[in-house]
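Join these two chains into a complex; the hints should help.
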Amino acid sequence: MSGTLIVNAARGVASTQRSRARQRWLPYLLSLPALLVCIGILIPFFTAVWYSLERYNLSFPDQRAFIWFGNYLNLFTDPAFWNTVRISLAYTGLTVGVQLLFGLAIALLLQRRHWINDLMSVLLILPLMVAPAIASLMWKLMTNPNFGVLSYLVGRLGFPDFGWSSNPNSALFTVVLVDTWVYTPFITILLLAGLRALPRQPFEAAELDGVPASFVFFRITLPMLMPYILTASLFRMLDSIQQFDIIYSMTQGGPGDTLTVFQVQAYLEAFSFSNIGRSAALVMILWAITYALSTVFIKQWLKLRANARGQG
Amino acid sequence: MNKALLFKLLRALALIAVALFFLFPILWVFMMSFMTNVDILRSPPSPIFTPTLDNYRGLLTGQLATGTGTLTTDYTTNLFNSFVLSASAVILSLLLGVPAAYAFARFKFRLGEDMAFTLLSFRFAPPILVLLPLQLYFQEIGLYDTYVGLVWVYQLITLPLILWIVRGYFEDISPDIEHAYRLDGHSWLKTFLKIAIPLARPGIAAAGLLAFIFAWNNFVFALILGSSAVQPVTVGALAFVTASGIQYGVIAAALVLSVVPTLTLALYAQRYLVEGLSLGAVKG
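If you're matching them up, the sequences are chains Y and W in order. Oh and the first sequence: position 54 is 53 in numbering that gives the first Met the number 0, straight run, nothing missing. Oh and the second sequence: position 95 is 94 in numbering that gives the first Met the number 0, straight run, nothing missing.
Next up, chain W with everything else stripped away, as it sits in the complex (with noise of 0.2 Å):
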């Protein structure tokens, strides 16, 4: 009996422990950008303060408040590029690979499989290995710098995500539904768009924001694809904590718009995460 309690008690303390490992520096982060210079700068660190909006307002404006004067940024650009760079990167992907997953998924053919695998590999490729190349040839052909390129190059992380998830959702949806509608008389088109696809639009879905949520956290791309104009958060902000001048708590603040969107959207779409994560092989 004693024994049971103690270890209760040593569960009960693990957990503790994990839940404050993983969680602290988000609520830390949150904390500190609700605060004054002058209050993060205040020795012991003291979760008590008057919190303020000043750091958000001054992000969002594009005019910071510094010692010596003010600052003009334009992080609000790199929050846009973000979300423009990511939902166009996704919504190319859905355009080129579910078609694709459902070919894979119902039709066994030469290349098929080949494809399949080499998409996959891109996946575990160093992605300096194709941005060395891509950095010159875009400089040569007025894609460095550019929306176009960097949606281009995001189908590295995009498409094979993509793909292999949906073909598993494909893969378990009995073709029988399919097979019965064709016989109806109807073409093949039709019964790709007006059965297929929406007996697997939960999966498709599922596999549409996780591929947002990998777009929106890639930093290496943009670094070497493009200048300020076009990158995203993850890039901006690191620009940002270099950058002389900012004070710490509009750092946080700019750290805290750059997870929010990911972070929603996965709490949103938990229940697919274990399978979008392991790119299939897994059910949650």
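Chain Y extracted, bound-state conformation (with noise of 0.2 Å):
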């Protein structure tokens, strides 16, 4: 009888050693196929770099030879490299800046309970679900020369030829504006989430208090919903420095090289000009910029992400 016992015992003891050296394997075996996947995309980026060392030219292929950093050298001292750089930060500056205004304004706006409030939020969803390049195109459709209703309407207030895209003077204008209308409500959203995720007691207690508005706004609410506004606002930092698809979609960069902004310079080079090393060099400075961008992002985004789950 207690033989057993101990026999069972000795068994158990053995099977949960099993499973404990099987439970170690266990986590590397799940997540195995999908660091496969991230080695995968690890190699091009590798061979990106290597690239972005070499004259490379796809039309001069035998002149193909290690430089160091000749790429590198050349772009900084050639003007349409500052170009790119001068238009990304003002693409990415003037992005964000005008959606951080707008989307907490109308974040602000929808704050309340309401059923109109929360069929608006809902509607807001709709631009952020239009893929970038398709909204390029319909506002393109609306600023057509011939019958575009803004075309018409911009017209009537005394801009007979606008040009919108084609006009260097308003083309960044223009793309700037796409992005608002696609971008805003990514804000807009997170804010009103943010804004209704904060603790009701220093509000009351202001309210009982008689502190005015403007107070209550920037002493309370501005301060306390700083972590998503940051987490908002790299966010949007990190996809407009590298946009793409909006500005290729609505002029291809032009007029000219009015928006050659990194993403579509890097694409110009490679696939205009078969120029793959000066391509690569531009896109390795462009990863250097949102790679330091998204340290400081990821670290923002963790202490949310502990506050949402109740651990913060």
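Derived from the structure by calculation, the hints contain no laboratory data. For glycine and all other residues, C-beta sits at the position ideal for the given N, C-alpha and C. Wrong hints could be hidden among the right ones.
Simulated restraints on C-beta separations [as the list claims (entries may be wrong)]: (1) ALA64(Y) to LEU59(W): 47 to 55 Å; (2) PHE116(W) to ALA89(Y): 26 to 34 Å; (3) THR51(W) to PRO144(Y): 22 to 30 Å; (4) LEU12(W) to THR294(Y): 38 to 46 Å; (5) ALA242(W) to TRP81(Y): 33 to 41 Å; (6) PRO197(W) to SER58(Y): 53 to 61 Å; (7) PHE23(W) to ASP77(Y): 38 to 46 Å; (8) VAL259(W) to LYS302(Y): 32 to 40 Å; (9) LEU110(W) to PHE45(Y): 12 to 20 Å; (10) LEU12(W) to SER213(Y): 16 to 24 Å; (11) GLY141(W) to LEU35(Y): 15 to 23 Å.
Right, here's the structure in full:
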């Protein structure tokens, strides 16, 4: 009787040891397929690093050579590169700035639970779910000089030849407008969720004490909302500095070099001029910028995530 | 009292302005898609016209009537490609991502966090960085212009999304139920399939829907890695707009067809969008 018990117990120990050994390998086994995909993507990444150090033009394959930082040095002394930097920064600054202001204002407008506000916050999702490349084409139809409804309206306001994306003076404005149309709802939705997750006590106390609304906004709402604002803007900055779809689909970087932001310029270098080395160096510089931004972003994002899961 | 009324009025005006700005473009293009070229070119633009289905009929049959004759198009191929690419990419991501998400949520293991963050950082890396070498590699190994090649690259968008959202869902479910089921003598695999996955099903479904939308909306991957045979609507529509001889109403109809699937899915899944858009950082 007691013998079988001991044997059973021994069996139990053996099986838990076995299962423990298996437990140790289990997570690796489960995530291995995803890891392989990861590695599959890291290979072209390192290839791109290598390309960026090469003189490599598909039109002159026999001149291919390793030139250390030659491509980078060429870029830094080229006004076209600084044009790219300037436009990318202008695009990012304008889109994130405008969208943050509008996004916050709309979130505050929709904050109170009411069926109209709830309906609006659902409908606001729609532009965000239109493919950015398609959004550009929609706005292109609306700004068409022959029949576009916006061209007509702006014409009536006294700008008969506004030009929109075909005029170097208004091209940046036009793509920023499309970007704003698509992505402002992103900021609104995030900030709305943030506003509704804020604790109520400070606001109730302020109301009881008769604190003026502007004080409540700048001293209570804004500071408490800051983690959400930071996460949303960093998220948008990361996407904006590498915007491609909206600009390419609207003007292919034109007119001239008006809208040759980083990725559009890199695309043109590689696929119009076959200059792989130069294109790779250009995206490597962009990658360095986004990598730095994303480390800041991920820290901020993790804080919010822990908070949402009740661990913060 | 007067001040409160004024405030209410300003609020209503602001709401109308917001609704107008964000919804007008969709409504206008939708309306255009039912107009003949004559109605579209009328000045001033007028919302009163006799609707026609000719634009859609032409697109779906591939025979476009133009001023000078008929033009054949294959926009339906682009639509089909969008479905195939997005659905396959999501299915593959679910197969790869759900077990990994479970591993990250339930086990603390070396490499695990590193991997989760590496995958996340892919979401924020410039896509052309990877596409540039891939375009050359794919041509060498025969993956250029194939569904397989594109679906694999689509994992860059769909996998991090699914991994991080589903991980959050697993983390929110207490592991106690799984422990109890395990103590009853069931295998680990059975516990995963019979307990963990059904409990996280709403999260998995939401992540899948969102990943589908993002895959559908992608533009740059197929622009660089495929020809028109495998290109989705996002790339197809651009070729359509720049092609000559195509009437404006047909272009509008093509744009409408390209956004209807995602807009419908988004409205259906709107409850989960906040969480999905923030990659699981904010709950709606």
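We went through each hint and held it up to the structure:
1. ALA64(Y) to LEU59(W): 47 to 55 Å: Check passed, 53 Å falls within 47 to 55 Å.
2. PHE116(W) to ALA89(Y): 26 to 34 Å: holds, 31 Å
3. THR51(W) to PRO144(Y): 22 to 30 Å: holds, 24 Å
4. LEU12(W) to THR294(Y): 38 to 46 Å: For THR294(Y) against LEU12(W), whose Cβ atoms are near 43 Å apart, the range 38 to 46 Å holds.
5. ALA242(W) to TRP81(Y): 33 to 41 Å: Because 36 Å falls inside the window, the suggested range holds.
6. PRO197(W) to SER58(Y): 53 to 61 Å: For SER58(Y) against PRO197(W), whose Cβ atoms are near 57 Å apart, the range 53 to 61 Å holds.
7. PHE23(W) to ASP77(Y): 38 to 46 Å: Because 42 Å falls inside the window, the suggested range holds.
8. VAL259(W) to LYS302(Y): 32 to 40 Å: Roughly 38 Å apart at Cβ, these two residues keep to the hinted range, so it holds.
9. LEU110(W) to PHE45(Y): 12 to 20 Å: Holds - the Cβ-Cβ distance for LEU110(W) and PHE45(Y), about 19 Å, lies within 12 to 20 Å.
10. LEU12(W) to SER213(Y): 16 to 24 Å: holds, 21 Å
11. GLY141(W) to LEU35(Y): 15 to 23 Å: holds, 20 Å
The structure fails none of the hints (numbered hints given earlier).
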